[in-house]
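There are 2 protein chains.
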Amino acid sequence: MRYYPEKVEKLIEKLIKFPGVGPRSAERIAQYILEEDDCVVLALAENLIAIKKDICLCKKCFNLSEGEICDICKDESREKVLCVIEEVKDLVFIEKTGFKGVYHVLGGNISPLEKISPDKLTIPQMTERLRKEPVEEVIIATNPTPEGENTALLISEILKKMGIKHSRIAYGLPVGAEIEYVGTQTLKKALEDRKLL
Amino acid sequence: MRYYPEKVEKLIEKLIKFPGVGPRSAERIAQYILEEDDCVVLALAENLIAIKKDICLCKKCFNLSEGEICDICKDESREKVLCVIEEVKDLVFIEKTGFKGVYHVLGGNISPLEKISPDKLTIPQMTERLRKEPVEEVIIATNPTPEGENTALLISEILKKMGIKHSRIAYGLPVGAEIEYVGTQTLKKALEDRKLL
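If you read the sequences in order, they're chains W and B. So the number in the working numbering is just where the residue sits in the first sequence, counting from 1, plus 37. So the number in the working numbering is just where the residue sits in the second sequence, counting from 1, plus 37.
Watch out, some of these pointers could steer you wrong.
Because identical chains cannot be distinguished in the list, a pair is counted as satisfied if it fits within a single copy or across any two copies.
Quick list of in silico lysine to aspartate or glutamate cross-link-like pairs, EDC-like style, CA-CA up to 16 Å [stated by the list, open to error]:
#1 K89 x E72
#2 K89 x E103
#3 K137 x E113
Hints are computed from structural coordinates only; laboratory data are not their basis.
Based on the sequences and whatever the hints tell you, model everything.
Okay, here's the thing in structure tokens:
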């Protein structure tokens with residue numbers, strides 16, 4: 038059953054695929070697009086095309102970039118601390134904390150089940166990079182999931198062999214959480230890694 | 038503070054303007070667009086351009102249309118009952134109920150305060166249309182708000198003078214609601230308009 042002209046129905050189908058957008062929100066966004074000025078919608082369309090054309094991955098750290106090398110890698114004032122992360126979105130969250138080092142985006146986690154071996158990730162590029170440009174420390178900031186832990190372990194072994202100082206981001210209580218709700222494993226880690234005051 | 042390449046930041050700014058999309062969802066949608074296949078995103082961009090180019094308002098009922106006359110107005114099997122509504126989105130909701138008549142989209146409500154007089158709406162086109170193509174009944178389905186009521190009243194006066202049978206959609210309890218929560222005015226209307234069984 039079609040309630041809108043075909044092109045509008047097709048747009049709604051595409052909008053439903055956006056994360057967090059259901060059928061009702063997709064209809065509302067389509068209404069917004071229909072009502073919005075032509076130039077605003079055309080600018081959006083051009084923006085989409087430009088992003089697919091011009092945004093690539095930084096050859097050095099695999100962050101999103103408009104050129105071969107991303108703005109963070111270009112910035113010489115950055116500290117010589119390399120933060121290893123799973124995905125580009127993690128980079129944004131860490132940037133927001135005020136971290137001033139550089140990054141290396143792995144592109145995922147190793148997973149024997151899904152046949153993702155270390156060379157499917159950017160681990161070879163990471164070791165290559167560390168050989169050329171030594172850093173003071175590598176912070177392994179993969180997610181605190183079993184897959185993230187596995188990947189962290191593997192990277193730790195590589196860095197140990199290379200004799201590079203490295204650390205794992207801390208486990209503990211999330212700020213604002215209540216002990217009652219954080220789960221036994223988190224609480225156990227928080228107790229083990231307690232900090233002397 | 039920029040966390041993404043400029044073009045991505047610009048896209049996020051545009052996505053935030055979508056109804057129901059906040060800064061966090063806009064980032065997630067941008068991530069989706071970055072990760073999605075080029076052809077999917079280009080199809081979306083083309084769809085946006087096509088909508089602004091090809092979708093206009095039906096010359097007869099002011100519904101969205103890909104040609105001069107919309108699919109509903111073209112459909113000769115439709116009943117000769119005209120449902121007058123404020124906005125195109127109301128049409129979609131009424132279609133979903135299985136209504137089989139035709140529509141007339143006013144484009145809003147009369148509002149002396151905002152200087153929206155009847156001729157700023159499609160009321161002249163409605164009377165013109167009713168003169169040329171008589172219908173069995175006009176259902177006034179503006180919203181049950183003070184503005185919608187005012188507009189309904191004005192249309193009712195026009196139709197009375199023209200000698201056209203017309204009705205107002207019913208007030209009453211929303212299906213699934215509890216009497217406790219519906220509000221005094223709704224309950225009063227529901228009692229007044231009770232239906233003999």
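Going through the hints against the structure:
{"no.": "1", "hint": "K89 x E72", "verdict": "between (26 Å within a copy, 9 Å between copies)"}
{"no.": "2", "hint": "K89 x E103", "verdict": "within (11 Å within a copy, 29 Å between copies)"}
{"no.": "3", "hint": "K137 x E113", "verdict": "within (11 Å within a copy, 68 Å between copies)"}
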